[in-house]
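Participant: If you want the building blocks of each chain, they are given just below.
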Amino acid sequence: MAKHYLKSADADWYRRRLNGALLIVLVAFVILGLRLFQLQVVQGEEYRRLSENNCIRLQGIDPPRGQILDRQRRLLVDNRPSFNLVMVPRDAKPVASTLKRLAASVGLDLEALKQTAERARSGYRPVVLHSDIDRDLLAAVEARRWDLPGVMVEVKALRRYVHGDSASHLLGYMGEISAEELAGGRYPGCRGGDYIGKFGIEKTCEHLLRGEPGGRQVEVDARGQVIRVLQTVDAVPGHNVVLTIDQQLQAVAERSLGDNAGAVVAVDPDNGEVLVLASRPGFDPNAFVGGINRQDWQALVENPHHPMENKAIQATYPPASTYKIVTAMAGLEEGVIDAQSRFFCPGRLRYGNRSYRCWKRGGHGRLDVVEAISQSCDVFFYHLGIKLGVDRLARYARSCGLGSRTEVGLDHEDAGLIPTAAWKKSRFGVAWQGGENLSVAIGQSYNLVTPMQMAMMIAAIGNGGTLYQPQLVRAVESADGRIIEQGGAVVKGRIAVSARHLALIQEGLWQVVQGDRGTARGIRLAGIDISGKTGTAQVFGRKGEADRKAEVADYLKDHAWFVAYAPSQAPKIAVAVIVEHGEHGASAAAPVARAVIQAYLDPEAAAAEAAIADPEPGQAPE
Amino acid sequence: MFDRRLLKNFHWGLLAATLVLAAMGVVTLYSAVNADATAAPSRLHLKQMIWYVMGLGAMVAGFTVNYKTLERWTPVLYSLCVLMLVAVLLMGKAAGGSRRWLALGPVFVQPSELAKITVALMLARHYAKEVTTRGFVLRELIWPMAITGLPFVLIVRQPDLGTAMLVLLIALSMTFFVKIERRTTIGILAFGAVALPVVWHFLKGYQKQRILTFLDPNRDPLGAGYHIIQSKIAIGSGMLTGKGFLQGTQNALRFLPEQHTDFIFSVLAEEWGFAGGVLLLVVFLLLIVWGLNVAAESREPFGIILAVGLTAMIFWHVAINIGMVMGLMPVVGVPLPFVSYGGSSLITTMLCVGLLINIRMRRFVAE
Numbered sequence: 001m002a003k004h005y006l007k008s009a010d011a012d013w014y015r016r017r018l019n020g021a022l023l024i025v026l027v028a029f030v031i032l033g034l035r036l037f038q039l040q041v042v043q044g045e046e047y048r049r050l051s052e053n054n055c056i057r058l059q060g061i062d063p064p065r066g067q068i069l070d071r072q073r074r075l076l077v078d079n080r081p082s083f084n085l086v087m088v089p090r091d092a093k094p095v096a097s098t099l100k101r102l103a104a105s106v107g108l109d110l111e112a113l114k115q116t117a118e119r120a121r122s123g124y125r126p127v128v129l130h131s132d133i134d135r136d137l138l139a140a141v142e143a144r145r146w147d148l149p150g151v152m153v154e155v156k157a158l159r160r161y162v163h164g165d166s167a168s169h170l171l172g173y174m175g176e177i178s179a180e181e182l183a184g185g186r187y188p189g190c191r192g193g194d195y196i197g198k199f200g201i202e203k204t205c206e207h208l209l210r211g212e213p214g215g216r217q218v219e220v221d222a223r224g225q226v227i228r229v230l231q232t233v234d235a236v237p238g239h240n241v242v243l244t245i246d247q248q249l250q251a252v253a254e255r256s257l258g259d260n261a262g263a264v265v266a267v268d269p270d271n272g273e274v275l276v277l278a279s280r281p282g283f284d285p286n287a288f289v290g291g292i293n294r295q296d297w298q299a300l301v302e303n304p305h306h307p308m309e310n311k312a313i314q315a316t317y318p319p320a321s322t323y324k325i326v327t328a329m330a331g332l333e334e335g336v337i338d339a340q341s342r343f344f345c346p347g348r349l350r351y352g353n354r355s356y357r358c359w360k361r362g363g364h365g366r367l368d369v370v371e372a373i374s375q376s377c378d379v380f381f382y383h384l385g386i387k388l389g390v391d392r393l394a395r396y397a398r399s400c401g402l403g404s405r406t407e408v409g410l411d412h413e414d415a416g417l418i419p420t421a422a423w424k425k426s427r428f429g430v431a432w433q434g435g436e437n438l439s440v441a442i443g444q445s446y447n448l449v450t451p452m453q454m455a456m457m458i459a460a461i462g463n464g465g466t467l468y469q470p471q472l473v474r475a476v477e478s479a480d481g482r483i484i485e486q487g488g489a490v491v492k493g494r495i496a497v498s499a500r501h502l503a504l505i506q507e508g509l510w511q512v513v514q515g516d517r518g519t520a521r522g523i524r525l526a527g528i529d530i531s532g533k534t535g536t537a538q539v540f541g542r543k544g545e546a547d548r549k550a551e552v553a554d555y556l557k558d559h560a561w562f563v564a565y566a567p568s569q570a571p572k573i574a575v576a577v578i579v580e581h582g583e584h585g586a587s588a589a590a591p592v593a594r595a596v597i598q599a600y601l602d603p604e605a606a607a608a609e610a611a612i613a614d615p616e617p618g619q620a621p622e
Numbered sequence: 623m624f625d626r627r628l629l630k631n632f633h634w635g636l637l638a639a640t641l642v643l644a645a646m647g648v649v650t651l652y653s654a655v656n657a658d659a660t661a662a663p664s665r666l667h668l669k670q671m672i673w674y675v676m677g678l679g680a681m682v683a684g685f686t687v688n689y690k691t692l693e694r695w696t697p698v699l700y701s702l703c704v705l706m707l708v709a710v711l712l713m714g715k716a717a718g719g720s721r722r723w724l725a726l727g728p729v730f731v732q733p734s735e736l737a738k739i740t741v742a743l744m745l746a747r748h749y750a751k752e753v754t755t756r757g758f759v760l761r762e763l764i765w766p767m768a769i770t771g772l773p774f775v776l777i778v779r780q781p782d783l784g785t786a787m788l789v790l791l792i793a794l795s796m797t798f799f800v801k802i803e804r805r806t807t808i809g810i811l812a813f814g815a816v817a818l819p820v821v822w823h824f825l826k827g828y829q830k831q832r833i834l835t836f837l838d839p840n841r842d843p844l845g846a847g848y849h850i851i852q853s854k855i856a857i858g859s860g861m862l863t864g865k866g867f868l869q870g871t872q873n874a875l876r877f878l879p880e881q882h883t884d885f886i887f888s889v890l891a892e893e894w895g896f897a898g899g900v901l902l903l904v905v906f907l908l909l910i911v912w913g914l915n916v917a918a919e920s921r922e923p924f925g926i927i928l929a930v931g932l933t934a935m936i937f938w939h940v941a942i943n944i945g946m947v948m949g950l951m952p953v954v955g956v957p958l959p960f961v962s963y964g965g966s967s968l969i970t971t972m973l974c975v976g977l978l979i980n981i982r983m984r985r986f987v988a989e
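Chains as they are written, first to last, in the numbering used here: chain G, 1 to 622; chain V, 623 to 989.
Read the hints as simulated data drawn from the structure, not as lab findings.
For every residue, glycine included, the Cβ atom is placed at its ideal position computed from N, Cα and C.
Please note that a few of the clues may not be correct.
Claimed, not checked - Beta-carbon label-pair distances, calculated as ranges:
#1 Ser498(G) to Phe824(V): 26 to 36 Å
#2 Leu230(G) to Arg804(V): 43 to 53 Å
#3 Gly635(V) to Arg49(G): 38 to 48 Å
#4 Leu868(V) to Arg119(G): 21 to 31 Å
#5 Val821(V) to Gly192(G): 36 to 46 Å
#6 Lys100(G) to Leu868(V): 28 to 38 Å
Stated by the list, open to error - Residues from chain V shown here face chain G by an in silico Cβ test under 7 Å; the list is partial:
#7 Gly757
#8 Val759
#9 Val820
#10 Phe824
#11 Leu844
#12 Tyr848
#13 Ile851
#14 Ser859
#15 Gly860
#16 Gly899
#17 Ile910
#18 Leu914
#19 Ala917
#20 Ala941
Said to hold, decoys possible - Straight-line Cα separation of at most 25 Å, DMTMM-like style, residue types lysine to aspartate or glutamate; simulated pairs:
#21 Lys114(G) to Asp165(G)
#22 Lys715(V) to Asp234(G)
#23 Lys360(G) to Glu752(V)
#24 Lys690(V) to Glu485(G)
#25 Lys203(G) to Glu180(G)
#26 Lys715(V) to Glu181(G)
#27 Lys690(V) to Asp109(G)
#28 Lys572(G) to Asp270(G)
#29 Lys7(G) to Asp625(V)
#30 Lys198(G) to Glu111(G)
#31 Lys7(G) to Glu752(V)
#32 Lys203(G) to Asp109(G)
#33 Lys751(V) to Glu180(G)
#34 Lys7(G) to Asp838(V)
#35 Lys93(G) to Asp165(G)
#36 Lys830(V) to Asp234(G)
#37 Lys203(G) to Asp411(G)
#38 Lys114(G) to Asp78(G)
#39 Lys751(V) to Asp12(G)
#40 Lys826(V) to Glu485(G)
This is chain G alone, in the form it adopts within the complex (with noise of 0.2 Å):
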């Protein structure tokens, strides 16, 4: 409004704003120009000498990886320097020749070395004629290094595992970035042909092992030899991963299987770490160092005993007898039963018109839940299972942490598999039978569980009904000492258990070791109580079957479970075992837990033990 008194732009006005512009531009193009002129002609001649050998180039440096330690802070994995014999092909140039030379001087097959360098991308991308080359070629290769031109010996870390095949499959190894991984964005600033974690902690802590790579700015001369370095930037170190592992719990752990096939988890009941994960039989990460070659691969895959497989937490097994300890806790609890109730065992039971027997064929006479569960009659446990049925029990499995991954933080993890009414009718659409009541209340039917559930089952009825989620990992750690992450105790929920009931089934558990009649009586340890449940898990159904004395195919034999928790009073120790086709709990899977508790609350007691059994180190006896 109060405009009318301000002058309205005319042409001429424009005009003079115009040729501010104009004029802006004219001294733009003018620096544009001068700059030009000072790159191109003042300063052409160096620039042309600079790139007449693409003198200026960029070199990587790689991060030290991490180091993985045991919870004592043994070392588990590291870093060992390997060299590299590499080739620069642009300067290399003739190729053919300076391979000939190569090939005749030092003793390598020459097609072998033209096939390797033909893969080169590019002209100044350095390709690796030979990884991992020993003392003897590196001497050589270093004495003739005048008359072999762009070709080098380069430094690279490569990662050592300490302990050979202990703890494998929790370790994990590393292989070569695919071009999927590339692609998916999981791994940020990786090139091709850099090397990752494929597996275990060396997979799901790729992010904190890794470190930043950096690099430097060369100039180098004609026959690649670095002149001087311009810029440098310093690689990052990775972190130092510390886990919740003893290692040479874990090495009793794995002695003590064997030649089996089967697992061991043992966890500290009171906050969930992870104290042995062994899985047998295992592999050697070494031999992925560098790539696995195609014999050692195919025989690790093609391998009855899948060696390749955490059997701790990707195997699922019934858990058979085991399982008892759910359905007393439902029985319990739904108030089908309490601590008089008791049943009449004569060896079997018939229910419709089918007889189901106990393992026991002359019967264990009349018992309470406390006597079932230390003689694990199996009799009893098809009265609680007929007055429960399967959708009630599979309640109180769930709350025990079966049927749902423990989320212990490495891949392929199962779920395991506890069965409902509703499940059957949608998997198989045929409805729940009755008698199938009886087996899943013994662990029989379709139920399936880990080592792992298993393990963090029983140290939270060791401690008193608190499920945790198992910890691997009990510090990160930067390469100069800060502590970067610290693990912590993580509680998944509380069984849903009643104190008083809680203390009946602790017990029996008790009993099944320290009583006069349980069933794995024959580990007992000096000054140490131990509460555990055998578990005998049928391959095959026993229905129709003659006497099984006979002997079977031992891929059809039984296998072994122990669970168990010491001291029973205030448990420090809860150990899950599992021995493939080892026919008996009591017999194959219970003296490996006892070792391993052995090991972890009497080391001394253990260390004469093993001293007595084995006078000889590598002579086993008879």
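With the hints as your guide, set chain V onto chain G.
Facilitator: This is chain V only, laid out in the frame that chain G set:
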């Protein structure tokens, strides 16, 4: 009826400059993607020629409709563009960490490119009505700030900092052209001088690092700094007359980053030397001077101010891109108009030349 004056006032110079730049562009692009004899032959230059044909279509479209009609439709065009920018954020096609592309049926468009032109249109329309010799005071600049700020923020969110900065530069150029009142200018500068350190204080470490690297590529010797060194070697080694067509070694050996897009000038300067570089600069200068001339010859404010905005857009692209590859400017992803490979940038710049021709054609016709 067709007005004969339209043809008489057609700016053949602008068309000619465009075609010359396009020709230089195809030749350089051919070299950029095919000089490496060991690599598979590339047909990118043929693809770019299709883009040129489509660009000519955009150019014709740019001068067919009377720009005064466009002025009336400007708010609609602007709103459409803002809507598209919002749509990009919600459902755009992601590539390389940012969302820039929007699928319209079978074609992908980059609304941020269109934003450069619609912001220029919208500001020109506003300033044409309000301009006085006194210059704008702060209160009067609020609306222009809103016009620019809305698309600016949307483009930053994609994130496409290069394009966002271009939109801002175009708006600033136009605003300074229509004059900011003197005390207001001083006030704004003083505020900026005070605010900058405060903002800096509140930035996070990595954000500061990013800005410092932006200002000084040498702080990142393995990334931007290395690219600039290689680019300078490529340009400098071209010397007076260049290494010749397809002879650029820096280019052929792929020492240049994005040699067919942002670093195309390095390829040209390496192969055609100072002579080629200066020729390109002269043609660009002609184009820009002619653009300002279109403004000078227009007789009504909207035409003048729009012509300035469109010319500013071309100018800033050229100055920033060439300045960057010669190590005078921070490293930003800004293409060289007409020469860099890429359809959407090409179509936008050719549409922009079409609009300049439009203003020139109708300098007597426009009321």
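Participant: Next, verify each hint and record whether it holds.
Facilitator: Structure-based check of all given hints:
In this structure the supplied range 26 to 36 Å is violated for Ser498(G) paired with Phe824(V), their Cβ-Cβ distance being about 56 Å. For Leu230(G) paired with Arg804(V), a C-beta distance near 48 Å keeps the hint of 43 to 53 Å intact. One distance hint, 38 to 48 Å for the beta-carbon pair Gly635(V) and Arg49(G), holds here, with the actual separation near 41 Å. Hint check: Leu868(V) to Arg119(G), Cβ distance near 26 Å, so the stated range 21 to 31 Å holds.
Range check, Val821(V) to Gly192(G): about 40 Å between beta-carbon atoms, so the 36 to 46 Å window is met. Roughly 32 Å separates the CB atoms of Lys100(G) and Leu868(V), a value that falls within the hinted 28 to 38 Å. For Gly757(V), the interface hint is violated, the least distance from its beta-carbon to any beta-carbon of chain G being 10 Å, above 7 Å. With its C-beta approaching chain G no nearer than about 11 Å, Val759(V) sits outside the 7 Å limit, and its interface hint is violated.
Interface hint at Val820(V): violated, since its Cβ lies 30 Å from the closest Cβ of chain G, which is beyond the 7 Å cut-off. Of the supplied interface hints, the one on Phe824(V) is violated, with its beta-carbon coming no nearer than about 26 Å to a beta-carbon of chain G, more than 7 Å. Here the hint on Leu844(V) is kept, as its CB sits about 4 Å from the closest CB of chain G, short of 7 Å. Annotation: Tyr848(V) was flagged as interfacial toward chain G, and the flag holds, the nearest CB pair being 6 Å apart, inside 7 Å.
Because the closest C-beta pair between Ile851(V) and chain G is about 6 Å apart, less than 7 Å, the hint holds. For Ser859(V), the shortest C-beta to C-beta distance to chain G is roughly 4 Å, which falls under 7 Å, so the interface hint holds. Interface restraint check for Gly860(V): the shortest CB-CB distance to chain G comes to about 6 Å, inside 7 Å, so the restraint holds. Among the interface hints, the one on Gly899(V) holds; its C-beta lies about 5 Å from the nearest C-beta in chain G, closer than the 7 Å criterion.
Here the hint on Ile910(V) is kept, as its CB sits about 5 Å from the closest CB of chain G, short of 7 Å. Taking 7 Å as the C-beta cut-off, the interface hint given for Leu914(V) holds, the closest approach to chain G being about 6 Å. The criterion of a C-beta within 7 Å of any C-beta in chain G is met by Ala917(V), whose closest approach is roughly 6 Å, and the hint holds. Against a cut-off of 7 Å between C-beta atoms, the interface hint on Ala941(V) holds, since the closest Cβ of chain G lies about 5 Å away.
Note on Lys114(G) and Asp165(G): the hinted pairing is violated, with a Cα-Cα distance of about 35 Å set against a maximum of 25 Å. Of the supplied pair hints, the one linking Lys715(V) and Asp234(G) is violated, its CA atoms being roughly 36 Å apart against a limit of 25 Å. Between Lys360(G) and Glu752(V) the CA atoms are separated by roughly 102 Å; this puts the pair beyond 25 Å, and the hint is violated. Our distance criterion of 25 Å between C-alpha atoms is broken by Lys690(V) and Glu485(G), whose separation comes to about 65 Å.
Distance restraint check for Lys203(G) and Glu180(G): the Cα-Cα separation of roughly 15 Å lies within the 25 Å cut-off, and the hinted pair is therefore satisfied. Distance restraint check for Lys715(V) and Glu181(G): the Cα-Cα separation of roughly 21 Å lies within the 25 Å cut-off, and the hinted pair is therefore satisfied. Between Lys690(V) and Asp109(G) the alpha-carbon distance is near 78 Å, which puts this suggested pair outside the 25 Å criterion. With a C-alpha separation of about 7 Å, the suggested pair Lys572(G) and Asp270(G) falls inside the 25 Å cut-off, and the hint holds.
For the proposed pair Lys7(G) and Asp625(V), the alpha carbon gap of about 34 Å is over 25 Å, so the pair is violated. With a CA separation close to 32 Å, the supplied pair Lys198(G) and Glu111(G) exceeds the 25 Å bound. The straight-line distance between the Cα atoms of Lys7(G) and Glu752(V) is roughly 11 Å, inside the 25 Å bound, and the hint therefore holds. For the given pair, Lys203(G) sits about 35 Å from Asp109(G) by alpha-carbon distance, which is inconsistent with the 25 Å threshold.
Restraint check for Lys751(V) and Glu180(G): the C-alpha separation of about 57 Å exceeds 25 Å, so the hint is violated. At most 25 Å may separate the alpha-carbon atoms for a hinted pair to count; Lys7(G) and Asp838(V) exceed this at roughly 45 Å. A threshold of 25 Å between alpha carbons decides the hint, and for Lys93(G) with Asp165(G) the separation of about 44 Å lies outside it, so the pair is violated. Restraint check for Lys830(V) and Asp234(G): satisfied, since their Cα atoms lie roughly 20 Å apart, inside the 25 Å limit.
Taking the CA atoms of Lys203(G) and Asp411(G), the gap is about 8 Å. The hint holds against a cut of 25 Å. This hinted pair does not check out: Lys114(G) and Asp78(G) have alpha carbons roughly 33 Å apart, beyond 25 Å. The straight-line distance between the Cα atoms of Lys751(V) and Asp12(G) is roughly 18 Å, inside the 25 Å bound, and the hint therefore holds. Note on Lys826(V) and Glu485(G): the hinted pairing holds, with a Cα-Cα distance of about 21 Å set against a maximum of 25 Å.
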